[in-house]
Every structure is written in C-alpha cells, then in structure tokens.
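Chains as they are written, first to last, in our numbering: chain A, 1 to 701; chain B, 1 to 164.
Some hints could be false.
[Stated by the list, open to error] Below 16 Å or equal to it, Euclidean Cα-Cα: the simulated EDC-like pairs (lysine to aspartate or glutamate) are: (1) A/K616 / B/E25; (2) B/K128 / A/E641; (3) A/K467 / A/D542.
[Unchecked claim] Partner residues are not named here, just some residues of chain B that face chain A (Cβ under 7 Å, in silico): (4) S11; (5) F12; (6) V44; (7) C143; (8) I160; (9) G161.
Because the hints were derived from the structure by calculation, they are not lab data. Virtual Cβ for every residue (Gly too), placed ideally from N, Cα, C.
Here is what each chain is made of, one letter per residue.
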Amino acid sequence: MTDLPSNLKSNPLLSRWLTVDEADTITIRSGKVELGQGIATAMAAIAAAELGVPVERIRVENTDTLRAPEEGWTAGSFSVEHGGAAMRFACALVRELFAEAAAARLGGSAGELSVEDGVFRRPGANEGLGYHQLRGAVDLERMAGDLPAPKLRGGTVDRPGFSRIDLRGKLTGPGFIQDMALPGMAWGRVLRPDHPKDRLATLDVAAVKARPGVIAVVVDGGFAGVVAERDDLAAAAVEFARKRATWTRTAALPPMGEANAWMEGVPKNSTTFLADEGEAAPAAFRHEADYSRPYIAHASVGPSTAVARWDGDAVEVWSHSQGIYPLRKGLAKALRVDLEKVTVRHAHGSGCYGQNGADDVALDAALLARAAGRPVMVQWSRADELSWSPFGAPMRVHLSGAVAADGTITEWAHEVWSPPHLARPGFGDGVNLLAAWHLAEPHAPSAPNDAPRPQGGGDRNSVPLYKVGKRRLTHHVLPERPLHTSAMRGLGAHCNVFAIESFLDELAAQAGIDPVEFRIRHLEDPRAIAVIRAAAAAAGWDPKDAGGEGTGRGIGFARYKNSGAYYACVATVSVEEKVRVLKVQGAVDAGAIVHRDGVLNQVEGGVVQAASWTLKEEVRWSDAGFGVRSWADYPLLSFSETPVIETVIVEDPSAPSLGAGECAAGPVAAAIANAVAHALGVRVRHMPLTHERIAAAIEAA
Amino acid sequence: MTAVPVLETRSFSVNGRDVAVTAPEDASLLAALRHDLDLKGTRVGCTEGYCGACTVLVDGRPVQSCNTPLWAAAGKAITTIEGLAQGDVLGPVQEAFLIEQAAQCGYCTNGMIMTVTGLLMQNPPATKHEIVEVLDERHICRCGAQPRILRAIDRAIAVIGGRK
Ligand code: FES
Ligand code: FES
Chain A
1 MTDLPSNLKS
11 NPLLSRWLTV
21 DEADTITIRS
31 GKVELGQGIA
41 TAMAAIAAAE
51 LGVPVERIRV
61 ENTDTLRAPE
71 EGWTAGSFSV
81 EHGGAAMRFA
91 CALVRELFAE
101 AAAARLGGSA
111 GELSVEDGVF
121 RRPGANEGLG
131 YHQLRGAVDL
141 ERMAGDLPAP
151 KLRGGTVDRP
161 GFSRIDLRGK
171 LTGPGFIQDM
181 ALPGMAWGRV
191 LRPDHPKDRL
201 ATLDVAAVKA
211 RPGVIAVVVD
221 GGFAGVVAER
231 DDLAAAAVEF
241 ARKRATWTRT
251 AALPPMGEAN
261 AWMEGVPKNS
271 TTFLADEGEA
281 APAAFRHEAD
291 YSRPYIAHAS
301 VGPSTAVARW
311 DGDAVEVWSH
321 SQGIYPLRKG
331 LAKALRVDLE
341 KVTVRHAHGS
351 GCYGQNGADD
361 VALDAALLAR
371 AAGRPVMVQW
381 SRADELSWSP
391 FGAPMRVHLS
401 GAVAADGTIT
411 EWAHEVWSPP
421 HLARPGFGDG
431 VNLLAAWHLA
441 EPHAPSAPND
451 APRPQGGGDR
461 NSVPLYKVGK
471 RRLTHHVLPE
481 RPLHTSAMRG
491 LGAHCNVFAI
501 ESFLDELAAQ
511 AGIDPVEFRI
521 RHLEDPRAIA
531 VIRAAAAAAG
541 WDPKDAGGEG
551 TGRGIGFARY
561 KNSGAYYACV
571 ATVSVEEKVR
581 VLKVQGAVDA
591 GAIVHRDGVL
601 NQVEGGVVQA
611 ASWTLKEEVR
621 WSDAGFGVRS
631 WADYPLLSFS
641 ETPVIETVIV
651 EDPSAPSLGA
661 GECAAGPVAA
671 AIANAVAHAL
681 GVRVRHMPLT
691 HERIAAAIEA
701 A
Chain B
1 MTAVPVLETR
11 SFSVNGRDVA
21 VTAPEDASLL
31 AALRHDLDLK
41 GTRVGCTEGY
51 CGACTVLVDG
61 RPVQSCNTPL
71 WAAAGKAITT
81 IEGLAQGDVL
91 GPVQEAFLIE
101 QAAQCGYCTN
111 GMIMTVTGLL
121 MQNPPATKHE
131 IVEVLDERHI
141 CRCGAQPRIL
151 RAIDRAIAVI
161 GGRK
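Chain A with its partners taken away, still in its complex shape (with noise of 0.2 Å):
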C-alpha cells in the first residue's frame, strides 16, 4: 500500500479528484472551497504543474457532496497544506496511469516520456498525444493505494503576472451564490427578533399572507418565515410582520461591563492543560497583567445565502458553506431526513473568515422551500446578518511571569478564559443551526466544548513558541454566554498572540533589553527567528529609538497554531485623538510557495482586518439586545486609515505549503499596542485600542 497524504487516504477514489474532458481540459475537483481566499487557484496551480497541463486548461468545479472528495472544512489555514497536498498526489497518480497509456500507443516505457502542455512525448518527439486523447484508454475510477507511489514534480505554474483564475468573470457579471435563479424559484426571508433571548410568541399570520406578492407564510414553533415572488416583497412582509408579533422574553443577558466583565459571573470549565515540573530559577522581577479582545462580527458585505429545492422528500441545499459535507450531516438531523436524502453544493459567497451565517440560512432555506413548495432563495437581511450570525468569540488573559537578573524568563503562566470558538454543524452530537433550536421540535445544540487541541480554540497560540522556564497554561471555557459564538478567522490566536507579545515588551522593557533581541534570545526556531530578522530589517528596526511624542514602531510575531506558518512585523503608528497605523513591514514564512500573489493577499488581507478588530472593532449589546444592527454600528478600518503594508516571503522551497489567511491576526495586534507603548510609554491592554483607553491609560501613569 502506497502512504497517501491524509485528504487522499479518506478519499482514494482517483475519479472524486478530477475527470479528464473530451474537449481537452480537465475539471478539478477539491473538497476545500473558494470562500474569497484564492484557493481555487492556488488547486488549479498545484493540478496544473503536477499534470503538466497549462493552468488555462484546468476546471476548478464547484464541489458538491454527490463526487467531490470530503475533506471537511475550509478552515485552519490547512487547505493548501492538506488539501493541496492530496491534490498534488492525485494528480501525480493520474500522471503516470495517462504516461503509461501513452507508452502504450507510442511505444517505449512511461519512465522516458516528457509531458509538457498536456502533451505526452518520446524524447526528441514532435508527435504526441494529449491527455484529452487518451482519456477512453485510463480508468480513474481507481483506488489511490493500490497505484504505486508516483513520482512528485513538485513546484507550481506561479510566475510573475499568473492571477486568480475566477476574479475576471466576477469583476464583469455574475459569479457568486447570490446571482443563482433556479426556474420557479421563489425568495425567502426569515423573521428574527432584536433580542438574542427573544422567542416568536404570536404572527398574525393572516395579515401577513395577505401582503404583496407572498405566498406562503411559514411558522413552526419559534421559527418564521415568508416566502414571495420577489425578493423585496419578502423583505417587506418580513417588516411588516415584525411590527405584528409578539415575543417572550426567555432570559436576560448579563451586562457587558468594562472589558468583557461580564466573564466573572458564569460558569466555566477549567483545565491546566501544561504545567512543567521541578523548581523555576530565581527571580530578580516578576510581572502579571491582564488582557482582552470583545466579541468581533464576522460582517461578510454580502448577505448570508442559500438556495434549496425538494424534489419529493429529497433535497438539494446550495451554500457558501465552509463544510459542505459537516453541513449536510447537520441538515439531515435537522430536516429528519435520511442523509442520502440531502445534496449540498458549494457556489462562491462574498469574503468569510469563519462560520458566518452560511450554514444557518442553508437550513432556513430548507424550511421554507419545503413549506412553500417551490425551489426558494434566503437572503439574511444586514441586522440579521450582523446579530444573529455566530460571533467570534470573546477572550480575557491573565498572564504572569519571572525574569532572571540576566534578563532570562524563568516562569510564566498563562490563564484565558473564552466561550467556545467552535460551534460548527457537524461538530458534537447536536444540531448546530440556528433555525433548528427555534422549531415547534426543535434540536439541541451540541454541547459547548471548545475546539480541541493541538488546534485548540480559546486556547490556540496560548504556549508559547518561546523558552520560558516553568510554564503553566489554564484553559477556562465559558459554556453560557450572552451572545452565540463560533470559528472566526485565527480563533484563540488573536487575542493570545496580542497578550503573549505584549507581555514580552513589558518584560522586556523591565530587563531593559531591547524588544527585538529580547525575542531572539528566546526562540530556538530558526524559521521564528528569520522572519523577526526579516521584519525588523524591512522596518529599519533601531534599538536605540526611543520612541515617545506620539509616534513608535512595535514587533509582534507569531508561528500560527504553533505549526503553520511564521509572521513577525512591525507596526508604525502616530497616537493623537486616535490611534492610526502608518505602515506595517512584515515577513512570512509558508513554506514553499504555490501562489506568490495569492500568499501577499492573504497576508495583507489578515493585517487589515486585524488592525480593523484590534482598534475599532467591539460587538456591544444592551437590556434592548442587539446592539450591531447595521453598518452604522459598526464601523471597519477605513480606506484613509489602512497602513502601507509591506510584506517579505521568507521562502524555504523544501519546507512544505502552509496557509497564510490567519497568521497576520496576533502579530499585527500585538505590534500596534508595542507600538502604541512606544509612542505614548502607556499600555492598552483591552481591544479595541480606543481614544477612551488610551486617555484613560494616560490619566492612570
């Protein structure tokens, strides 16, 4: 038996993975799914050097549940690294099944062939034959482990110039979930309340069937629903509905208080997950402090979406689902309906860096097709997007630690507190999707149990890639928390990362050592200790500035999970009424590199978004509930306050392919607060770094 990469040992079927066409292309097929990330290009790369075959010539399908491999969800920063792995080998497979065809017709052996753009060829051959023209000769319904294992070409068809393969069609018409129209569709809306708490007790139904255009009005249980012909027309019986129900309040929720107070008064499952034996060296000083992010929006620009039909009692769910395996598995429980009996396909949604409303409307959207009995679109309305859409999830540090009188770290202690990062369908023995917990039968949710480690979720980058002495880690899950929560972009990363390398600078700072050297002299790792290299050179990092008159430059660095891949950066930025970030020079190390462009956009992508969270971002709520319930609620980093974003690919050719969509988050966190230390000597320790903190920083120094 060959040894498979993993995607590929629980999906060997060769014919899952691509299909040869008659018209000389060839269609790729990855459980992994574009989400806004670039991944669909960065397969069609990977396919594309490893068949030989121009990259014009591959076919990146949409994956649905009746072929494509299952390979779980889109999620981890793993796609390329497991997923591209898989792909890279089932491509090498077909390869040499095709090789030895051509072989077969041209004569000599597969071994002394070249293929070069899809054309097999003896040496020294102008005469070949194409893929396409061998496809009646190989059969891929094949097992993978019972082919020998291939030769891998390795390598990719990047080159300067080489760009997304699905951004031209978007950028001129249509190309995402919510331009799809099935014949009779209809259009959905879902009616929520602006209370997290807050059940359906009455609809006047009647009234509202009577509206323009509606033609079914769906209630079950706490769950409802209009379907019509036309978008707006749903929207607006939706809103008029809301102003004739009633609903019953089932709890309350605690008060936010200052930096997640709210934290102290639940409930919460505690392990100490890591704590080193034997005795620590002596301290000269010791250090405690205490950090925190809110809850963060995921806020995708466009709405939540799904399409689904019922043939019978069958049916087929599109969705811009993460997983859209793990979502059929939660709709069948959901639905009550045998999983053979449920088909989801993957279609292209806007930007989503976590479990967004994507799932949950999927079920919405099997509800009332299947009431009104028509094939129906659901579209979220932006409150409901921005409200009912799981949350990522809020985070409290405590750390504390010692340092030898040569500047050594002898201890350190870790403790977070968190509510579960992971809620996804498919994860526990639950039903994870919203609507199901609302119906007149409704579904449990699965347990609160966080994300397991290594991965982890609250806890994820909470050890330390750093020699710190005696270490402790706690891990505090929070079950019962006043707003629902799951994956959002880094998880546990974010907030542990900004508390593990702001701690640093303020040990660092006591020892009067400077932040830079500081780390080097912590880290083993020569891959961590590079890209900190590379960033402070591309910043023209000075030990000697001393910052102050508000402006200062800080370091932040992390290895994502502890096994992906290493970013360190720089952040530069100017404290007046606010905090502005002026630039951020960082460097990257994923591995060998499939798609240069797409890894630099991923990366500044995640440096943006994370300056957004770590300075302006915090989902609030009140005794009203809700308090997101649109845009004007929520402001993001702006176009005027985005930094200059520089970006070094520290690049090991022979280390294998990381993801680089979730690595920036920590980092760039921690670099701003190093930054704002720097400029003003006072530290904000709580997200969003406010006007407010920072004033009230300055007031208590």
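Following the hints, position chain B with the ligands against chain A.
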C-alpha cells in the same frame, strides 16, 4: 391566493439600451437591475446605503442603487459593471483593478469600480484624495483589499490621466 403588488412601469436606458421595467411601485433600482433585468454584476450588499456594493452610474454619477427608487431612475441613463467592457476590452478602471488583483472575494469590488469610474470620468476628474474620501464614506471592504484597491486607483488615474 397571492395578493398582487401595485405595479408601475418605468423607462430608462441601461448600458445604452432602452428598457421598460414593470415592478412593484416601491422597488429599488437595485432590484430592477438584478431581478427584472438580470444584470447581476451589480451586487446586493446591505441594501441600506452603507456598503456601496450596489453602486451604478446614473447619468454618469456614482449612485447606490439600493436606496435609489426605480421612479427616480426614469428617463435616466444607467451604467452598470456589464456596460464598462467593449467586447473583450475591459473598462480602464476595471482593468486596473484586475491588473492589481485588487480583490479577495471580489464582492465589494464592482461597486468600487463604478464609483472610481464615475469620479474619474467627471469633468474635471476627481483627485485621489477626493476618491478616497468617497470610498471612506460610501464603500466597505471586509476582506482587507484596501491596499490593492488604492494601488488600482493610482493605476487608473495614470491610465485615464486624472489628477494625482
Ligand atoms: S447594498 Fe447598497 S449600499 Fe449596501
Ligand atoms: S474583497 Fe471581499 S469585501 Fe472586499
């Protein structure tokens, strides 16, 4: 029985073609473009006038189509993203965005291309500073493509010959 909405018919031109749309009386220009005219390159975003994903040109001026009632478009010349390319040749701003790969998901992008096109085609063309002010006020990108979008604007200004 489904109640029939009150319908109105409005005539205007889209990408140089005269059209008449019969739609519910309070339909938006966005709904008319996407639903009735099947021009889906204009994106549906917040539908509340904040994100700019739905921006089109009305008589050459960038306008958010979600909060433009259809009656207000009557008699006007509308340009959508589908109207920028001439055959295979993209509009200059569209081309600049593509060359700079100024998108991640690309959902916000078409609205921005329309705004930048409108501002650079006006007389005199807007400066970069003016364009950024409009983007700050009327457009949102969540993917963090801002640095590339700003580069695309520089490129478009250079090509169209606007003022820096
Ligand atoms: S959709 Fe029109 S401004 Fe958001
Ligand atoms: S590129 Fe995704 S919102 Fe701008």
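Report holds or violated for the interface hint on B/G161, using the least CB-CB distance to chain A and a cut-off of 7 Å. 22 Å, violated
Hint check, B/I160 versus chain A [nearest Cβ-Cβ separation less than 7 Å]: B/I160 check fails; min Cβ-Cβ to chain A is 17 Å, beyond 7 Å.
Checking one constraint from the list: CA of A/K616 to CA of B/E25, max 16 Å. Satisfied? 40 Å, violated
Hint check: is the beta carbon of B/V44 less than 7 Å from a beta carbon of chain A? Given a least distance of 5 Å, the restraint on B/V44 holds.
Please verify whether A/K467 and A/D542 have alpha carbons no more than 16 Å apart. 24 Å, violated
Holds or violated: the hint that B/F12 contacts chain A, with Cβ atoms closer than 7 Å. Hint violated; B/F12 Cβ to chain A Cβ min 18 Å, cut 7 Å.
Was the hint right that B/S11 lines chain A, CB cutoff 7 Å? 20 Å, violated
Does the structure keep B/K128 and A/E641 at a Cα separation of 16 Å or less? Cα-Cα ~15 Å, so holds.
Identify whether the interface hint at B/C143 stands, where standing means a beta carbon of chain A within less than 7 Å of its own. Holds - the Cβ of B/C143 comes within 7 Å of chain A, reaching about 4 Å at its closest.
Of the numbered hints listed earlier, those contradicted by the structure are 1, 3, 4, 5, 8, 9.
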